[in-house]
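This is what each chain is made of:
There are 2 protein chains.
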Amino acid sequence: MTAQLKVGKRILHLRNDLGLSQEKLALKADIDRTYLTGVENGKRNISIKNIEKICKALEISLKDFFNDNLFDLN
Amino acid sequence: MTAQLKVGKRILHLRNDLGLSQEKLALKADIDRTYLTGVENGKRNISIKNIEKICKALEISLKDFFNDNLFDLN
DNA sequence: TTTAATTGTGACTTAAAGTCCGTTGACTTA
DNA sequence: TAAGTCAACGGACTTTAAGTCACAATTAAA
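Chain order of the listed sequences is A and B.
For the first sequence, the numbering used here assigns the number 21 to the initial residue and increments by one for each residue that follows.
For the second sequence, the numbering used here assigns the number 21 to the initial residue and increments by one for each residue that follows.
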């Protein structure tokens, strides 16, 4: 699994926890809804700036965002 | 402090722990030497793919890379 | 079973990422 | 003082992520 897909899965999971639609989250993060779709599906090689934007909208630190088994070695 | 700068500081710190020069690490990570300089100095908005490349070269997981006070909530 | 909300896709432009060439200055050691 | 390593920087490129759009497809709910 690529890193992009891991990031996408993580965002999807956290977004569902908050009960937000892609559109609501995209608005909150000030990014395009269809871009967020691409990120969640691992189609976009997202940058640290946009990861940070999304983390802020998800109300989570970068530390906690990556603190998941997904991001363990292999 | 921007997320880019935090990433740069983290890479620098881990690189020094391993006693590697920028050039050695860049070679190991298969990225450009001058690009790594920019990343370490917080001038580059690095993507998740390249963060992963550098983490592999630093022999650390993404989870551990971001498991640092730098990446706590403000 | 139509309507409405939500998510996914392809294609595109443009702004920036990333590479490759080199130079410079600081520091170290022979 | 010459030679080497290292980090930072710059110009000129090529490649790719960011960002947007119209529309299709899926799901929920009425």
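I should point out that these hints are in silico values taken from the structure, not numbers from a laboratory.
Model, not experiment: these values are computed from the prediction.
The reader is advised that the hints may include incorrect statements.
For identical chains, the list gives no copy identity; a pair is met inside one copy or between any two copies.
[To be verified] In silico lysine to aspartate or glutamate, EDC-like type, Cα no more than 20 angstroms apart, as pairs:
| no. | residue 1 | residue 2 |
| --- | --- | --- |
| 1 | Lys63 | Asp84 |
| 2 | Lys44 | Glu79 |
| 3 | Lys76 | Asp92 |
| 4 | Lys73 | Asp92 |
| 5 | Lys63 | Glu79 |
| 6 | Lys83 | Asp52 |
| 7 | Lys29 | Asp84 |
Each hint tested on the structure:
1. When the C-alpha separation of Lys63 and Asp84 is checked against a cutoff of 20 angstroms, the pair qualifies neither within a copy, at 23 angstroms, nor between copies, at 24 angstroms.
2. Only within a single protomer do Lys44 and Glu79 lie at most 20 angstroms apart by alpha-carbon distance; the minimum there is 14 angstroms, versus 37 angstroms between protomers.
3. With identical chains, the CA atoms of Lys76 and Asp92 are at most 20 angstroms apart between copies only, with a shortest distance of 12 angstroms across copies and 22 angstroms within one.
4. Taking CA atoms no more than 20 angstroms apart as the test, Lys73 paired with Asp92 passes between copies only; the shortest distance there is 14 angstroms, against 23 angstroms inside one copy.
5. For the identical chains of this complex, Lys63 and Glu79 are neighbours neither inside a copy (23 angstroms) nor across copies (25 angstroms), given an alpha-carbon limit of 20 angstroms.
6. In the homo-oligomer, the alpha carbons of Lys83 and Asp52 never lie at most 20 angstroms apart, since the shortest distance is 24 angstroms inside one protomer and 27 angstroms across protomers.
7. For the identical chains of this complex, Lys29 and Asp84 are neighbours both inside a copy (14 angstroms) and across copies (19 angstroms), given an alpha-carbon limit of 20 angstroms.
Hints 1, 5 and 6 from the list above are not met by this structure, while the remaining hints are.
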